[in-house]
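Novice: So you can see what is in the structure, the chains are spelled out below.
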Amino acid sequence: MANQMEDKKILSGSPRITKVSFFGRVSAVIRQHFQQIFSSFSELWRTPFATLMTVFVLGLALSLPSVFHVLYKNAERVTGQWDGASEISLFLKKDISEPRVQVLINKLSLYHDIDSVTYISRHQALEEFKEMSGFSKALNYLDENPLPAVLVVVPTKNAMTSAGSKLLVVKLQREQDIDLVRVDIDWIEKLQAILALVVDIVIAIAVLLLISVLLIVSNTIRLNILSQRDEIEVLKLVGATNSFIQRPYLYVGAWYGLLGGVVAWLLTLGMVTWLQSGVMSLMGLYQLQFEIALLNVEEVVILIGIATGLAFVASYISVKQYLVKIEPK
Amino acid sequence: MILFEEVSKIYAGNFGALKQVDFHLKQGEMAFLTGHSGSGKSTLLKLISLMERPTTGRIVLNGNDISNIKGNDIPYLRRHIGMIFQDHRLLMNRSVLENVGLPLLIEGYSRYEIKRRSLAALEKVGLMGKEDYSPIHLSGGEQQRVGIARAIINQPPLLLADEPTGNLDPKLSLEILSLFESLNEFGMSVLIATHDLGLIAKMRYRTLTLKNGEMINDGLMRGRNG
Chain A
0 MANQMEDKKI LSGSPRITKV SFFGRVSAVI RQHFQQIFSS FSELWRTPFA TLMTVFVLGL
60 ALSLPSVFHV LYKNAERVTG QWDGASEISL FLKKDISEPR VQVLINKLSL YHDIDSVTYI
120 SRHQALEEFK EMSGFSKALN YLDENPLPAV LVVVPTKNAM TSAGSKLLVV KLQREQDIDL
180 VRVDIDWIEK LQAILALVVD IVIAIAVLLL ISVLLIVSNT IRLNILSQRD EIEVLKLVGA
240 TNSFIQRPYL YVGAWYGLLG GVVAWLLTLG MVTWLQSGVM SLMGLYQLQF EIALLNVEEV
300 VILIGIATGL AFVASYISVK QYLVKIEPK
Chain B
0 MILFEEVSKI YAGNFGALKQ VDFHLKQGEM AFLTGHSGSG KSTLLKLISL MERPTTGRIV
60 LNGNDISNIK GNDIPYLRRH IGMIFQDHRL LMNRSVLENV GLPLLIEGYS RYEIKRRSLA
120 ALEKVGLMGK EDYSPIHLSG GEQQRVGIAR AIINQPPLLL ADEPTGNLDP KLSLEILSLF
180 ESLNEFGMSV LIATHDLGLI AKMRYRTLTL KNGEMINDGL MRGRNG
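Which chain is which? The protein sequence lines are A and B, in order. Per numbering that gives the first Met the number 0, the first sequence starts with residue 0, numbered consecutively. Per numbering that gives the first Met the number 0, the second sequence starts with residue 0, numbered consecutively.
Hints are supplied without guarantee of correctness; some may be wrong.
[Said to hold, decoys possible] The calculated DSS-like cross-link candidates involving lysine-lysine, where the alpha carbons are at most 30 Å apart (straight line), are:
1) A:K156 / B:K129
2) A:K328 / B:K45
3) A:K93 / A:K136
4) A:K93 / A:K165
5) A:K324 / B:K18
6) A:K189 / A:K136
7) A:K324 / B:K129
8) A:K165 / A:K72
9) A:K324 / B:K69
10) A:K328 / B:K129
11) B:K129 / A:K319
12) B:K25 / B:K69
13) B:K18 / A:K319
14) B:K69 / B:K129
15) B:K25 / A:K319
16) A:K328 / B:K18
17) B:K69 / A:K328
18) A:K92 / A:K106
[Said to hold, decoys possible] Derived DEER-like restraints, expressed as beta-carbon distance ranges:
19) B:E122 / A:Q34: 20 to 30 Å
20) A:L214 / B:Y75: 33 to 43 Å
21) B:K25 / A:G304: 19 to 29 Å
22) A:Q34 / B:G15: 19 to 29 Å
23) B:E122 / A:F40: 46 to 56 Å
If you're looking for bench data, these hints aren't it; they were derived computationally from the structure. Since we're looking at a predicted model, the values are computed, not measured. Backbone N, C-alpha and C fix where the C-beta goes; we use that ideal spot for every residue, glycine too.
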């Protein structure tokens with residue numbers, strides 16, 4: 000009797016099926032999302048070997064740009080200390096008198112971008128040259144001292160940058176008593192150009208590797224969809240919408256990205272830690288204390304976020320490309 | 000319930016699978032659809048279940064003109080149709096209970112409600128106690144019952160069965176048809192496509208006969224009972 004009542008409840012009544020209320024549907028969608036997030040995670044481990052392979056390939060692909068980023072970050076820290084000119088040499092005109100030199104020194108001392116000015120007279124310059132060159136006897140035969148007086152200018156910290164030094168040089172060149180301004184910032188510019196080139200190369204490699212991540216995930220999801228074609232057809236036949244069917248694939252993709260991101264972080268950590276002892280030995284030779292900065296929390300979150308987002312996008316592309324085309328036959 | 004008005008379906012290569020077919024299946028009516036292979040039975044069922052679109056003509060299902068329905072609306076209309084297939088179309092990686100509850104899961108019912116109604120549907124088809132089995136471990140007849148339980152769980156007003164007894168022995172075939180009769184008694188419209196004329200003759204129901212895509216007969220088929 001109870002069974003018959005249940006039968007009537009199931010089969011009789013309005014030809015339209017029982018509708019779930021609006022709030023029921025909203026809570027069902029949220030519930031379905033959570034269920035599908037966790038079921039898609041378990042789905043990954045139905046084929047553990049294939050999943051691990053995919054995750055490690057993603058991790059490797061993502062770890063290279065990540066390691067490059069760490070190395071660049073540290074290179075920038077080192078070169079930041081040698082960013083601009085530490086000294087500028089001002090060769091004075093030969094006929095300048097001592098009082099005028101003092102006036103010039105006082106004037107330069109008032110520049111807001113000059114920290115200190117040291118005066119080397121013509122006589123001091125000759126004596127230093129004799130000492131350094133080893134031609135002291137030969138130089139004694141000269142009728143007059145050929146060397147000019149020099150002012151050695153130390154710019155302030157702000158003016159030590161490449162751009163700041165150039166501005167200061169332009170200002171100094173306008174001084175009438177200065178014959179020649181000499182600043183050795185070429186090597187800094189070269190180093191910065193090399194670093195910029197390295198950055199460009201790293202960006203190019205990173206873009207290629209991120210594209211490869213996109214392709215790997217997209218292809219994995221495509222294979223998943225094609226291998227589950229029968230299941231997708233059945234789901235469509237019983238009234239599943241495309242969004243219901245595609246969600247698990249999107250979540251599987253996101254899981255791949257998340258796990259790949261974590262693997263990339265661990266690989267970066269491992270590789271940089273491995274490099275650290277070598278770098279410290281090298282720095283020790285120059286009597287410098289330097290410790291490699293690893294990825295900080297923010298960078299780790301960005302790395303994992305990029306990996307997850309990228310894999311999600313890749314899954315979405317695959318799902319849009321293949322899932323919607325599957326129709327029950 | 001189902002209204003076909005001069006419906007034709009022409010496939011690529013100008014092959015006319017259905018030609019100017021007219022019929023009306025009322026709410027609560029049970030009928031057989033018969034004809035030889037290639038007569039258009041499957042095409043007709045595909046048109047009702049929105050797997051195909053008619054080339055010409057009009058199809059009305061449960062008051063909705065589905066001839067030019069939008070793709071996004073198809074899943075929602077399919078929820079009003081219970082479909083049973085000769086090859087069962089079960090998901091072998093899910094349990095019997097999960098297979099049966101699939102339409103309710105899609106509709107967003109709670110887990111408790113899905114289980115309660117799935118067990119009731121399984122009891123109806125005589126499969127209580129097998130809810131945790133994988134369909135792969137069930138016989139053909141049992142798999143067909145799982146398919147039926149899945150088709151009726153969300154109380155569809157219409158049940159379509161494509162060769163539901165094709166792989167079953169005569170005794171089991173009659174049992175399945177009796178099940179359809181009992182579902183029909185509760186107001187569900189049932190359309191069964193079969194080429195088993197012996198089976199049709201044993202049951203006294205309206206029979207739609209197709210031949211080369213044309214409806215050549217619509218009425219009771221003479222059999223042993225009448």
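Novice: Now look at each hint and say whether the structure bears it out.
Specialist: Evaluated hints:
no.: 1; hint: A:K156 / B:K129; result: 81 Å, violated
no.: 2; hint: A:K328 / B:K45; result: 8 Å, holds
no.: 3; hint: A:K93 / A:K136; result: 23 Å, holds
no.: 4; hint: A:K93 / A:K165; result: 25 Å, holds
no.: 5; hint: A:K324 / B:K18; result: 28 Å, holds
no.: 6; hint: A:K189 / A:K136; result: 39 Å, violated
no.: 7; hint: A:K324 / B:K129; result: 35 Å, violated
no.: 8; hint: A:K165 / A:K72; result: 26 Å, holds
no.: 9; hint: A:K324 / B:K69; result: 16 Å, holds
no.: 10; hint: A:K328 / B:K129; result: 29 Å, holds
no.: 11; hint: B:K129 / A:K319; result: 37 Å, violated
no.: 12; hint: B:K25 / B:K69; result: 25 Å, holds
no.: 13; hint: B:K18 / A:K319; result: 35 Å, violated
no.: 14; hint: B:K69 / B:K129; result: 39 Å, violated
no.: 15; hint: B:K25 / A:K319; result: 39 Å, violated
no.: 16; hint: A:K328 / B:K18; result: 21 Å, holds
no.: 17; hint: B:K69 / A:K328; result: 18 Å, holds
no.: 18; hint: A:K92 / A:K106; result: 16 Å, holds
no.: 19; hint: B:E122 / A:Q34: 20 to 30 Å; result: 26 Å, holds
no.: 20; hint: A:L214 / B:Y75: 33 to 43 Å; result: 35 Å, holds
no.: 21; hint: B:K25 / A:G304: 19 to 29 Å; result: 58 Å, violated
no.: 22; hint: A:Q34 / B:G15: 19 to 29 Å; result: 46 Å, violated
no.: 23; hint: B:E122 / A:F40: 46 to 56 Å; result: 34 Å, violated
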